[in-house]
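Student: Given chain A's structure and the hints, the job is docking chains B, C and D with the ligands onto it.
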Amino acid sequence: MMEQRAYDLFMQNLVKGTSHLALGQEAVAAGFGEAMRSDDYTFCTYRGHNHTLVRGASMTGILGELMGRECGLLNGKGGSMHLMSVEHGAMGSYAIIGAHMPIAAGAAWSAQYRESGQVAVCFFGDGTTNIGAFHESLNFAAVWSLPVVYVCENNLYMEYTPIGDVTAVKNPGADRASAYGLEPILIDGNDVDLVYATAQAAIAKARDGGGPSLLEVQTYRHGGHSRADPGKYRPDEEVKAWLARDPIPAYRKQLLAAGVSDSTLDTIDQEVSDRVDAAEATARSSSPPPLDIADTDLWADGTSTWRT
Amino acid sequence: MMEQRAYDLFMQNLVKGTSHLALGQEAVAAGFGEAMRSDDYTFCTYRGHNHTLVRGASMTGILGELMGRECGLLNGKGGSMHLMSVEHGAMGSYAIIGAHMPIAAGAAWSAQYRESGQVAVCFFGDGTTNIGAFHESLNFAAVWSLPVVYVCENNLYMEYTPIGDVTAVKNPGADRASAYGLEPILIDGNDVDLVYATAQAAIAKARDGGGPSLLEVQTYRHGGHSRADPGKYRPDEEVKAWLARDPIPAYRKQLLAAGVSDSTLDTIDQEVSDRVDAAEATARSSSPPPLDIADTDLWADGTSTWRT
Amino acid sequence: MAQLSYREAVSAAISQEMRLDDRVVFIGEDVAAAGGVFKTTEGLQAEFGPVRVRDTPIAEQAILGAAMGAAMTGLRPVAEIMFSDFFAVCWDIVVNQIAKTRFMSAGQCSFPLVIRSANGGGARFGAQHSQSVENWAMAVPGLKVVAPSSPADVKGLLAASIRDPDPVLFFEQKSLYGTKGEVPDGECVEPLGKAKVLREGSDVTIVGLAAMVPKALKAAEILQDKHGISATVIDVRSLVPLDTTTIFESVSATGRLVTVEENPRLCGWGAEVSSLVAEELFWDLEGPIVRVTTPHIPLPSADALEDAVLPSVDRIVENVVRLAD
Amino acid sequence: MAQLSYREAVSAAISQEMRLDDRVVFIGEDVAAAGGVFKTTEGLQAEFGPVRVRDTPIAEQAILGAAMGAAMTGLRPVAEIMFSDFFAVCWDIVVNQIAKTRFMSAGQCSFPLVIRSANGGGARFGAQHSQSVENWAMAVPGLKVVAPSSPADVKGLLAASIRDPDPVLFFEQKSLYGTKGEVPDGECVEPLGKAKVLREGSDVTIVGLAAMVPKALKAAEILQDKHGISATVIDVRSLVPLDTTTIFESVSATGRLVTVEENPRLCGWGAEVSSLVAEELFWDLEGPIVRVTTPHIPLPSADALEDAVLPSVDRIVENVVRLAD
Ligand SMILES: Cc1ncc(C[n+]2csc(CCOP(=O)(O)OP(=O)(O)O)c2C)c(N)n1
Ligand SMILES: Cc1ncc(C[n+]2csc(CCOP(=O)(O)OP(=O)(O)O)c2C)c(N)n1
Ligand SMILES: [Mg+2]
Ligand SMILES: [Mg+2]
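Residue numbers (the working numbering), protein chains in the order written: chain A, 1 to 308; chain B, 1001 to 1308; chain C, 2001 to 2325; chain D, 3001 to 3325.
Bound-form chain A, shown alone:
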């Protein structure tokens, strides 16, 4: 299982060329992905490639979607910010800040109503804690005791603005848990084992009828906010310090210390790299989507007809 996680981590690092990367934040997706049951629900943001991948969505589908190809998870209709793979419980990536938080509550409500034992896990950023939907969702989930785990990935910045400049509390997630009758939980999000353990506990609690959790995991994105952003607003020191805490080499070190051999890890690296190469090649060779799909699937009958 550890290897699986390492595998996931490495894998993430190799997904390139897109819009909102989570390089540096891989431990969060890896830890949660491992802790979830296969029928649990993931809701994430535009920065959701990792979260979608770890649920089992195909790498070709993801890369193809980023490239706007027919083989994309959404046939090119969604794009980088909207990855979704319902068959894998990846219930969508939402690009309006906070909007997916009540939707995740709704999926949790449905699980509660159907007594299915499923849990919804919802990822969002530090900046998202200042928008109204955050507040409505947390209160709603708490009052209805819904099986949903809200995970604030605090990477210190909204887009280009430091989170401390626009937030009334130091820890945007943890310092607000009490406003919803929840326990404050604040962890190092670059420690994949800790993330995994914390995720397991919160998911188990939700599954057992213990209601929602709000977790704040502290991490950092190595790059800018999006492709257009070189991230120059960040102090060099800060970037350097966090690069030194890159979860991937850190975890490699840990695995080595635990006795996994260098060559085993190199093999995994190579395998992952090969898989990424293959996925990229497949996506590259996939055609652009046929134009007539633009008119399909607005409605459940497959059409987009609005008149008789």
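Heads up, some of the hints might be wrong.
To be verified - Just so you have them, the derived chain C footprint on chain A, three or more residues with Cβ under 8 Å: (1) 23-29; (2) 89-97; (3) 124-137; (4) 245-258.
Keep in mind that the hints were calculated from the coordinates and are not lab data. Using N, Cα and C, we set each Cβ at its ideal position, and we do this for glycine too.
Tutor: Same frame as chain A, but now just chains B, C and D with the ligands:
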């Protein structure tokens, strides 16, 4: 000044026949009205008749507006839920839950920018603490250290639903202050002297650059939510207990104990009653608004023209 | 046939569907224990219990987000937005999330949900509780939009909306809640996307929606009696899907079209209908297309003012007469 | 005359007005220290300082509520909503508060504020970052609605919007940010509510807005060169107030109208213009009124798909040719 406050209180009790009454909550408006400077700003809700009156708006204007007459504060264009008297600092009554909270922050921002020393005071109910605009406003006001005092009048119910059924914390205002780095403040809202003192302190702090406050004042509305509601969902015991804590007779008792004579108070009662009678008579005899005002004042040029 | 009020038909439809399908659940503010501020959902919690019929906090984004998340994972939620003006506080969930996600995901999941809301003026509630906003909804791809004018249609169309596999915004007109009418006994479902010809005439086609329908019918009587003008009256009933077939057939026959809208003028549904006819039926037209709407202003509160600005029977008559001249 | 990009013209207008009037302040997300995600407001904080040019939390209701409260108490705020799709998360403040309060209060206060936003498609951002929503705004009484197509108009119309005593929604078209054009030196203000005739022709009037204007101009060239059809091209520029005078004059002369809209079909501004012409200019028309729009769907993300659904020069040409036949 005490007498002025008593006067206000009595006065409130006599405003009748409208939509969303605040009978039982008079001490809040009276206490705050006294504590505000004449150029401070009030923002309130549909349950805002008292808050508008204590700023100095004409009683005839208020009753006339409730009746849809030309003499109304808004010439009948606003109605019971939208009382406003800008010349008195009563910056409007807003009927969408939470919407006025960021607007109050804006007025406070303007005061801060103009260095005018003005403070904005914003009243809202317990139910309002669960909507997104509440959260956005509090964080925004705290981060910009705005001179605004947010006052949650906790009357135990949203419309017909007990606040405890839909809120994750016991005290919907006070238990959330810390989420915005603010001190929790919870007071008896039926004790007019306490309200006054608390208001004074929060307003002084805001005026001195100390930033926003969030106060929760506990009170009760004697009647139903609105004209259509007999309020039957409330346990008899509860209603009885709160009627026994009616701030108006309570304050009368206090004034008597402080040595104000019965006859002085009776005289005030009578004066107020006469003023209400006079206002009512004037409003009744006022005509309906001329129909052509429906086309006016959409734009600053006085017209509502949208085309050439 | 039973006589039901428009208001009673709402709970009749919801309870009919809840009996048939366990996946149907109903949530909103003050809707459950108290039966709703318009008393449209009285008795539902008593019959179906507090798990299926549930009160929410004042948090419209949470309500509709919850409905969306539930719909995409197997339930068929009905949610209430108390007044349609309040769509503005949760518009993102409606237009950016619910309306788009099926399309964006290339059909990976569907959103069988209904959002009911009390729409429109005439109750002297003032500008923030009186708008007709069905045109806001019509402008958004991915939403079906229904607005009934009679108790029978409330029951049949709401039942159909609940069964529909797509998101439906169901606009109940406040000013009609008290009206009564015959509603068929037993299971009652009326297909979406069909306009209804309520009166046949040869000179002009009057197209209305919701509260404008009874006014249009009244106007048609006066036009016939006082002016010798014979009008067809069509109740659109559903803006999306839009039954252009029925409307076009009639306009082809009469050569004249008048739309009657409660919404403020600009970009109302009547503009869309007018533009469709002006494009596709131009050669059949015998005169201008006239729109009767509320002027492009917010609704004033005073009774005299509100009555003066909402489209009235007289205003409809005048406009048709002007057109026919 | 200087060459400026559409993007640069934004900050040119804001800085021009901030220099002239201390009451003008500017707020938004990532707009101050970082100069905005589209780099439209670079340099403003450096020139005017962090009190007048200020970054906000991600809280659009707070941003626009703050702008409203400030406008009614003496400031002239300019606020940015980063993408116009995000209007949905703060729509209540726009439509129920800002738009209505002057009317409801019988004119007790005014709301001199501007909300700028990046609008429209073509950037492959997907359905939640690409909509054209100027028709949402046009449908709401109490909002002025402006959408420029050239750098000169960005500067002149944005300056005029800031000076205007009423709330203006100012839509900057994303796909035009990189375009360049001559902008007059010195103080530059262009009155609101005037459409602009960019090309005069005798056979048909093509009316466009924002990014559709250069496409319409290109189409007009092709129509002339390849089909011998002479087209007038009008840039609407401001939807409210709407310059019906200029549009009507041209349609009276040509007898034919084609509108070109980037928004999805239903209830677009073109429907309103069409319905006005069908009502008031019917007898001058020599053929159907044709609307060219994006189909009534959300925008797909892939470049091939997005290009296929947005109105193209070819689609405009085809429609005009069809009409002229
Ligand atoms: C309602 C809304 N406002 C603004 C934006 C633009 N925006 C996209 S990402 C972002 C920053 C989000 O910060 P955070 O929540 O910390 O997430 P991160 O990007 O750091 O993962 C902003 C402001 C948006 N997408 N939606
Ligand atoms: C956004 C919005 N949702 C719902 C309503 C309907 N509504 C009006 S008053 C009210 C209850 C408000 O409760 P609270 O904040 O406690 O204020 P109170 O009426 O008790 O003074 C509700 C739900 C509204 N006006 N606006
Ligand atoms: Mg962040
Ligand atoms: Mg209350």
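Student: Do three or more residues of the segment 23-29 of chain A come closer than 8 Å to chain C, measuring C-beta to C-beta?
Tutor: violated (count 0)
Student: How does the segment 245-258 of chain A fare against chain C when you require at least three residues with a CB closer than 8 Å, holds or violated?
Tutor: violated (count 0)
Student: Residue count check for the segment 124-137 of chain A against chain C: does it reach three with CB-CB under 8 Å?
Tutor: holds (count 4)
Student: Tell me if chain C covers the segment 89-97 of chain A under the three-residue, 8 Å CB rule, please?
Tutor: It holds, with 4 qualifying residues against the three required.
Hints 1 and 4, counting from the list given before, are not met by this structure.
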